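These protein sequence lines are chains A and B, in that order. Numbering follows the numbering used here, in which position 92 of the first sequence is assigned residue number 92; successive positions increment by one, without gaps. Numbering follows the numbering used here, in which position 196 of the second sequence is assigned residue number 196; successive positions increment by one, without gaps.
Among these hints, one or two may not hold up.
[Unchecked claim] Calculated from the model, a selection of chain A residues having no Cβ within reach of chain B, i.e. all distances over 10 Å:
1. L7
2. V93
3. A167
[Said to hold, decoys possible] Non-contacting residues of chain B with respect to chain A, defined by C-beta distances greater than 10 Å in every case (computed):
4. N61
5. R73
6. M119
7. E194
8. E235
[Claimed, not checked] Pairs of lysine-lysine, DSSO-like flavour, derived with a Cα cap of 30 Å:
9. B:K110 / A:K97
10. B:K67 / A:K97
11. A:K14 / B:K222
12. B:K138 / A:K97
13. B:K110 / B:K131
14. A:K19 / B:K138
15. B:K114 / A:K45
16. B:K210 / B:K23
17. B:K23 / A:K97
18. A:K14 / B:K210
19. A:K97 / B:K210
20. A:K13 / B:K131
21. B:K52 / A:K97
22. A:K13 / B:K114
23. B:K71 / B:K114
The hints are simulated quantities; they were obtained by calculation from the structure and are not laboratory data. Predicted model, so just to flag it, every value in this text is computed and none were measured. No residue lacks a Cβ here, since even glycine has one placed at the ideal position from N, Cα and C.
Below, each chain spelled out in residue letters.
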Amino acid sequence: MSVIFILWLRQIKKYLRSKSRIVGAVGQPLLFLLALGYGLGSVYKAAGRGDYLQFLVPGIMAQTVLFSSMFYGAMIIFDRQFGFLKETMVAPVSRLKIMLGGALGGATTSVIQGVLVFIISLGLGFRPHNWGFALLALVFMSALAIGITSFSSGIGSFVQDMQGFQAINQFLVFPLYFLSGALYPLDHVPAWLRIIAEINPISYTVDAMRWSMLGVSKFGIWHDCIALALTLIVLITFGAIRFRHIEA
Amino acid sequence: MIEVEHLSKKFKDFTAVNDISFKVQPGELFALLGPNGAGKSTTIKMLTTLLKPTTGKLSLNGHDVVKEQDKTRQSFGIVFQDPSVDVDLTAYENMELHAVMYHIPSPQIKERIKDLLTMVELWDRRDNLVKTFSGGMKRRLEIARGLLHHPKVLFLDEPTLGLDTQTRNLLWDYVGNLAREKEMTILFTTHYLEEAEANANRIAIIDHGKLITIGTAEELKKQTKTDSLEKAYLELTGKQLRDEEVSLGEAWRERHRSRNMR
């Protein structure tokens, strides 16, 4: 058994044993789907844009993966507070393997959350335009999940408490999410918002998700893939470098 | 087995460890004593690769602790002052995770875990989540885990803190056996001086980051012209109370403990 595998397995086991985490992480997106989907659906339709739920679901799936993956960084803070981090820090394995094992585990659970939201959406009436293409959403969700869990490992390695971690969530991740076009189309927004959306990596993930689920894309799927790949490389590098300097 | 030469650690303007040197022989049970904040934990952190020394040379099992981190890590086991098990995993899973991280060959893993968990009388509880364990059971699990990869050196940082007398006696019997029969080198810290007197071959006392003295309990008593180790210790370190900087994890737990009690 390899080190990366056993650390991955640890995350999976912890996830499956925490019913509250599973329910909690699906509850928030469900609220978004119901409140926004039904609340804004009629306005959206009146504006001649069609079915808002169809538009919203890929964005909410990306949201689920994004926030679950950010939560992985909090797990590292808990590991420090409950002492387990020290056990991994004195083990004769490279920090990179420790970082990757945990991040891949966290990413797997985030993708599971995203799929759960997809299943719930089917119950609410969502239909992908093509099931084969919809499977590609798994690839995009995985790329986002691995990137963000690596990023949040890096953050968790130097932020010392939950308050500091929440601050980064509030001031960085929430804005990136709200300005990504997950909740509304970016066609007729003011220029400043469009520029932010175009340099925001989350926009490309949301766009790729929409392409796989609905067959429409704003930036073009190849653009999305390149942006996602670059983001992934930058975030993994950031996580690996930060994690090297972690102190228990 | 352990060689410390002119070891110092500075945090900004504060010197936590100031030019300490000592050697521990193979198979020796060595006690590191000192008041809170004396530099014991900082010394152990440097010996176990968790902190880099500012100056000085450290060697463990023939490996340079700073330059050969992974070889050093493979050579020692440690039981930390605070719990470091994952409470959401079972006892067996905690052991298995450790076994894989320390590169124990797969066919041997199960047998070694069984032997050690049997020894600390937790084999029957192997499939229980650790969060259902008492403090003493967690400590026993950590000792079993620390021994899993057959370390040459075992660090015990206040291993008996908060344990009942039965568990403490059992622990020292076992640790004594490891040193005598397996020739394991054991370095421990404690605030219970009678434990150091009864179990340690030699004792080092540090205070304010400096090594004050080193010797057998008898030698320390003779040196201070006292009749117990406790009197000798107080003679050497004074009666003043000390403040200690706590680690972030400890501070957090402390906060929550007091909140729960309210």
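- Can the restraint linking B:K138 and A:K97 be considered satisfied, given a maximum Cα separation of 30 Å? holds, 27 Å
Given pair status - B:K222, A:K14, alpha carbons within 30 Å = violated, 55 Å
Exercise. Would the pair A:K14 and B:K210 pass a check requiring their Cα atoms to be no farther apart than 30 Å?
Worked result: violated, 44 Å
Beyond 10 Å from chain B, beta-carbon-wise, is A:L7?
violated, 8 Å
*Going by Cβ atoms, does B:R73 stay more than 10 Å from chain A at every point?*
violated, 4 Å
message = Between the alpha carbons of B:K52 and A:K97, is the straight-line distance 30 Å or under?
response = Between B:K52 and A:K97 the Cα gap is close to 21 Å, so the pair holds against 30 Å.
Next on the checklist: Quick check for students: does the CB of B:E194 sit more than 10 Å from each CB in chain A?
Outcome noted: Consistent with the label, B:E194 stays out of reach of chain A, its closest Cβ about 27 Å off (over 10 Å).
| query | Is the straight-line distance between the alpha-carbon of B:K23 and that of A:K97 30 Å or less? | reply | Violated: B:K23 and A:K97 sit about 34 Å apart, past 30 Å.
Given the hint that A:K19 pairs with B:K138, test it: the Cα-Cα distance must not exceed 30 Å.
-> The hint holds at about 24 Å.
B:K71 paired with B:K114 [C-alpha distance capped at 30 Å]
holds, 26 Å
task: Take a quick look at whether B:K110 and A:K97 sit within 30 Å of each other, Cα to Cα.
output: It holds: about 23 Å lies between the C-alpha atoms, which stays within 30 Å.
Just checking, B:N61 versus chain A, shortest CB gap more than 10 Å? holds, 12 Å
Hint check: violations occur at hints 1, 2, 5, 11, 15, 17, 18 and 19; the rest are consistent with the structure.
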